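Protein chains: 2
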Amino acid sequence: MEIALDAARAAAARGEVPVGAVVTDASGRVLAVAGNEVEARRDPSAHAEMLALREAARVTGDKLLPEATLTVTLEPCAMCAQAIAFFRVKRVVFGAYDPKGGAVEHGPRLFGQPTCHHAPEVVGGVRESEAGALLRDFFAALRS
Amino acid sequence: MEIALDAARAAAARGEVPVGAVVTDASGRVLAVAGNEVEARRDPSAHAEMLALREAARVTGDKLLPEATLTVTLEPCAMCAQAIAFFRVKRVVFGAYDPKGGAVEHGPRLFGQPTCHHAPEVVGGVRESEAGALLRDFFAALRS
Numbered sequence: 000m001e002i003a004l005d006a007a008r009a010a011a012a013r014g015e016v017p018v019g020a021v022v023t024d025a026s027g028r029v030l031a032v033a034g035n036e037v038e039a040r041r042d043p044s045a046h047a048e049m050l051a052l053r054e055a056a057r058v059t060g061d062k063l064l065p066e067a068t069l070t071v072t073l074e075p076c077a078m079c080a081q082a083i084a085f086f087r088v089k090r091v092v093f094g095a096y097d098p099k100g101g102a103v104e105h106g107p108r109l110f111g112q113p114t115c116h117h118a119p120e121v122v123g124g125v126r127e128s129e130a131g132a133l134l135r136d137f138f139a140a141l142r143s
Numbered sequence: 000m001e002i003a004l005d006a007a008r009a010a011a012a013r014g015e016v017p018v019g020a021v022v023t024d025a026s027g028r029v030l031a032v033a034g035n036e037v038e039a040r041r042d043p044s045a046h047a048e049m050l051a052l053r054e055a056a057r058v059t060g061d062k063l064l065p066e067a068t069l070t071v072t073l074e075p076c077a078m079c080a081q082a083i084a085f086f087r088v089k090r091v092v093f094g095a096y097d098p099k100g101g102a103v104e105h106g107p108r109l110f111g112q113p114t115c116h117h118a119p120e121v122v123g124g125v126r127e128s129e130a131g132a133l134l135r136d137f138f139a140a141l142r143s
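Chains as they are written, first to last, in numbering that gives the first Met the number 0: chain A, 0 to 143; chain B, 0 to 143.
Just so you know, the hints here were simulated from the structure itself, not pulled from any lab data.
Accuracy of the hints is not assured; some may be wrong.
[As the list claims (entries may be wrong)] To give an idea of the chain B side of the interface with chain A (calculated C-beta under 8 Å), a few residues:
| # | residue |
| --- | --- |
| 1 | Ile2 |
| 2 | Ala39 |
| 3 | Asp42 |
| 4 | Ser44 |
| 5 | Arg53 |
| 6 | Ala56 |
| 7 | Ala77 |
| 8 | Gln81 |
| 9 | Ala82 |
| 10 | Phe86 |
| 11 | Lys89 |
| 12 | Arg90 |
| 13 | Tyr96 |
| 14 | Gly100 |
| 15 | Pro107 |
[Said to hold, decoys possible] Heads up, simulated BS3-like pairs for lysine-lysine below, C-alpha to C-alpha not over 30 Å straight-line:
| # | chain 1 | residue 1 | chain 2 | residue 2 |
| --- | --- | --- | --- | --- |
| 16 | A | Lys99 | A | Lys89 |
| 17 | A | Lys62 | B | Lys99 |
| 18 | A | Lys99 | B | Lys99 |
| 19 | B | Lys62 | B | Lys89 |
| 20 | B | Lys62 | A | Lys99 |
| 21 | A | Lys89 | A | Lys62 |
| 22 | B | Lys89 | A | Lys89 |
| 23 | B | Lys62 | A | Lys62 |
| 24 | B | Lys99 | A | Lys89 |
| 25 | B | Lys99 | B | Lys89 |
Just so it is clear, the structure is predicted and the values come from calculations on it, not from any experiment.
We put the CB at the ideal spot given by N, CA and C, even for glycine.
Chain A with its partners taken away, still in its complex shape (with noise of 0.2 Å):
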């Protein structure tokens, strides 16, 4: 979580919404890191754990990844809980809950749907203060 958390500061630092990412391997090996890049690459589907999941993807030649835990600082909205059924992650590991966009925990609560084909373990609130702290000083500073 400590590298999520970093990805998500140097976020804030670049302007972006400050939500950062990280995908590890069985053994704890670091796969993938990102940040928020909605504004980088003006596209709002690039969440930080849509490219941290493309990336891992990518280094692992694998399309899928079953033995991956993805590691978030925030709760994982509709498009990329959906995104993490797709890849099949294992586990995901989230800090700070989002009852407005959040869709695990909150709102349409994708992976307790029967329609979900795949559902990981979940941890939330891991870390939660500090990530949440992040967003709150971000929106706030946005309307300073």
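Starting from the known structure of chain A, fit chain B onto it as the hints suggest.
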């Protein structure tokens, strides 16, 4: 929809699940066309809709597509439906209904979720039988 069906047929010819998508602007001009590229890119998130939306944003130079129509041969999944909301697409026209993986008229019905911040107009079932036949033929050939 004819353009989307052509993209789906081209995808099938490349060994991809035959789904095609096209993004048009307010005047009906084609901004982007894509077929599934999951196998070619070895990327389970490379759905036709995601590729077409990103390309349309690139072509217009605007990261939002508030006047655009996305026409796709299959009911979008949760990943693509959430991306459609993020790109602020005005209208979604789809072909075949997808009770197993669709997230517009099935499963999480994403655009109806209280947490969904943008719900496009939706027209489903357009040339449904042709779009569905493409998919059925593709999977029947795989099994034979």
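Comparing the hints with the structure gives:
Residue-level restraint check for isoleucine 2 of chain B is violated (minimum Cβ-Cβ distance to chain A is 22 Å; threshold 8 Å). Annotation: interface hint on alanine 39 of chain B violated; nearest CB of chain A at approximately 10 Å, more than 8 Å. Evaluation of the aspartate 42 of chain B hint against chain A yields a held restraint, the C-beta minimum of about 6 Å falling below 8 Å. Among the interface hints, the one on serine 44 of chain B holds; its C-beta lies about 5 Å from the nearest C-beta in chain A, closer than the 8 Å criterion.
For arginine 53 of chain B, the interface hint holds, since its Cβ comes within 8 Å of a Cβ in chain A; the closest pair sits about 6 Å apart. For the restraint placing alanine 56 of chain B at the interface with chain A, the shortest Cβ-Cβ distance is roughly 6 Å, inside the 8 Å limit, so the hint holds. The beta carbon of alanine 77 of chain B is positioned within 8 Å of a beta carbon in chain A (closest approach about 4 Å), and the interface hint is therefore held. At about 4 Å, the closest approach between the beta carbon of glutamine 81 of chain B and any beta carbon in chain A falls short of 8 Å, and the interface hint on this residue holds.
A distance limit of 8 Å between C-beta atoms decides the matter here; for alanine 82 of chain B the minimum to chain A is near 5 Å, and the interface restraint holds. For phenylalanine 86 of chain B, the shortest C-beta to C-beta distance to chain A is roughly 5 Å, which falls under 8 Å, so the interface hint holds. A least Cβ separation of about 15 Å between lysine 89 of chain B and chain A goes past the 8 Å threshold, and the interface hint is therefore violated. Below 8 Å, beta-carbon pairs count as interface contacts, and arginine 90 of chain B has none with chain A, the closest being about 17 Å; its hint is therefore violated.
Checking tyrosine 96 of chain B against chain A: minimum C-beta separation of about 13 Å lies over 8 Å; hint violated. A cut of 8 Å between beta carbons decides the hint on glycine 100 of chain B: the least distance to chain A is about 6 Å, and the hint holds. The beta carbon of proline 107 of chain B is positioned within 8 Å of a beta carbon in chain A (closest approach about 4 Å), and the interface hint is therefore held. With a C-alpha separation of about 25 Å, the suggested pairing of lysine 99 of chain A with lysine 89 of chain A holds against the 30 Å cut-off.
For the given pair, lysine 62 of chain A sits about 22 Å from lysine 99 of chain B by alpha-carbon distance, which is consistent with the 30 Å threshold. Straight-line distance between C-alpha atoms of lysine 99 of chain A and lysine 99 of chain B comes to about 26 Å, which keeps the hinted pair within the 30 Å bound. A distance of roughly 14 Å separates the Cα atoms of lysine 62 of chain B and lysine 89 of chain B; the hinted pair therefore holds under the 30 Å criterion. Pair hint lysine 62 of chain B plus lysine 99 of chain A holds up; C-alpha atoms about 22 Å apart against a cutoff of 30 Å.
For the given pair, lysine 89 of chain A sits about 14 Å from lysine 62 of chain A by alpha-carbon distance, which is consistent with the 30 Å threshold. Under the criterion of a C-alpha separation no larger than 30 Å, the hint pairing lysine 89 of chain B with lysine 89 of chain A is inconsistent with the structure, at around 35 Å. Annotation: proposed proximity of lysine 62 of chain B to lysine 62 of chain A holds, straight-line Cα distance about 27 Å (limit 30 Å). Distance check on the hinted pair: lysine 99 of chain B and lysine 89 of chain A sit about 22 Å apart at the alpha-carbon level, within 30 Å; holds.
Proposed proximity of lysine 99 of chain B and lysine 89 of chain B is supported: the alpha carbons are some 25 Å apart, at most 30 Å.
Figure legend: structure checked against the earlier numbered hints; hints not met, in rising order: 1, 2, 11, 12, 13 and 22.
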